[in-house]
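Visitor: Chains A and B, in that order, give the protein sequences.
Plus 240 on top of the position in the first sequence (first one is 1) and you've got the numbering used here.
Plus 3 on top of the position in the second sequence (first one is 1) and you've got the numbering used here.
These aren't lab readings, by the way, just hints derived from the structure by calculation.
Hints may be right or wrong, so weigh each one.
[Stated by the list, open to error] Here are the computed lysine-lysine pairs in the BS3-like style, where the Cα-Cα straight-line distance is at most 25 Å:
hint : chain 1 : residue 1 : chain 2 : residue 2
1    : B       : K103      : A       : K496
2    : B       : K103      : B       : K22
3    : A       : K312      : B       : K60
4    : B       : K22       : A       : K496
[Said to hold, decoys possible] Listed next, with one range per pair, are the computed distances between beta-carbon atoms:
hint : chain 1 : residue 1 : chain 2 : residue 2 : range
5    : A       : R504      : B       : L58       : 50 to 56 Å
6    : A       : M503      : B       : T71       : 45 to 51 Å
7    : B       : K60       : A       : L575      : 51 to 57 Å
8    : A       : R556      : B       : K22       : 47 to 53 Å
9    : B       : K60       : A       : M503      : 40 to 46 Å
10   : A       : Y508      : B       : K60       : 23 to 29 Å
11   : A       : D552      : B       : K60       : 33 to 39 Å
12   : A       : D367      : B       : L58       : 17 to 23 Å
13   : B       : R40       : A       : T457      : 28 to 34 Å
14   : A       : Q460      : B       : R5        : 38 to 44 Å
We put the beta carbon where it would ideally sit given N, CA and C, even for glycine.
Next come the chains, spelled out residue by residue.
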Amino acid sequence: MCTRTHHRHSIFCILPPNILRKIAENGTPAQRSDALQTLATDQTFRAMRADARLAAARRPQGPSVLSAEGEKQRTIYDAGHQQNLPGVVVRAEGADPTGDEAVDEAYDGLGATFDFYWDVYQRNSIDDEGLPLLGTVHFGQNYDNAFWNGQQMVFGDGDGELFNRFTISLDVIGHELTHGVTQDEAQLVYFNQSGALNESVSDVFGSLVKQFKLGQTADQADWLIGAGLLTQAVQGVALRSMKAPGTAYDDPVLGKDPQPAHMRDYVYTWQDNGGVHINSGIPNHAFYLAATNIGGQAWEKAGRIWYDTLRDSALRPATGFSRFARLTVTIAGRLYGPNSPEQQAVHEAWGEVGIRTTLPTTTTKSGGAKTTDKTKGRGQ
Amino acid sequence: MRVQFATEGGVAFFPGLSKPTVIDSADLPEDDAAKLRQLIDSARFFDLPEASRALPKGAADYRQYTITVEDGKRRHTVRLTDPVENSDLQALIDFLRSYKAPGGPSSGSSEKPKKNVRAKGS
């Protein structure tokens, strides 16, 4: 609501905030003053400022150097087995390997993830604005986990009995950083189905980071998340499998991999934020099916569909599986044409995990095309 | 003194690691019981707020720890989120995570006892 009465020119009342900011930055002293007044007093802008403060608070406290597009700015910290973040700087961008495996793997993994997003999707770091990439290693004592804290990556060393150091797996690094991308683009709420989508998106792009690094086609990829993370003593191969959810491990201590591959096996639970790491198996498997059906290198088409879906404004924070699935089908049609092989592959993939989506036209079993009103975009 | 401890979250959900731990200090060897009490005292457990922090926006795969201590008439529950900067709380969490109930499932990895669990009683 525009409520001020003391500004010099009424135009400032109707200008949108981005233009007001430009005036505040570049205008004459009088114009700047008016623009700043408008920005300061308007209720809606207060809310946006609060949001911007939040965004600014999210930005890491590093040197605020404006980097050229596509340039990495990595900093690796050592927490010295304490839990105070970020810790001590041990490797800055461009510095030589340190010989500390965790440090160097984090550095390389952050780089590989950056390169993936830049080379494949022209995304300039996590926020598409060159956000510096920060990672802390040697967090905690025998800390058998890694996480994204909203601003940076944090890696534990593992306990050496069940888990190795968490920098050992490139897809896990890609997974964690992708949480930052999801935070930037879609803000999928980390609970229940939207949370499982959040997790799945991280697994999808985490796996693609690895596949891209290795130059693998969809058929060549192992579609495992965190292979190499479990020690030899554990009966299991990875944290999760996108190819065969529920088969990654079956171990006396860890238990059995609880992931479903189909909606009929959806897990209703209060644990794990409503099963975000459990039910992610379903959209994970859909991606695997779509990518292998389409063939070739999974980041090119299937990955592109998922990436554009993540960035689409129709993807809301509380979006669930069905809506997400329908969106991927829509976007596949937008990218590759209605009823293209790519769109059909995505439609069928979701169908195989028990989620219905519709195509613009369908074919009857006898092979004849049954067209419907295309402008409505409905199936039979 | 009775302690209930649960860990949630992390990069993956492991059914075998998700069960809460319940410890009655009367069942512990004296050394461990003393150690547990000392850790709870050092952390000033009963003075702690119930929740350590609001969840940071966009954070994921962090762990959360819920600790409930019943000591005589006092009962208090604390919920902590990674990172746990307080080193006394870290030590308490490490102790609780390493605890293996007597006769409970042994670690699948090896026969050797997990470090920091059961001091050999005299």
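Visitor: Report the numbers of all earlier hints that the structure fails to satisfy, in ascending order.
Guide: 5, 6, 7, 8, 9, 11, 13, 14
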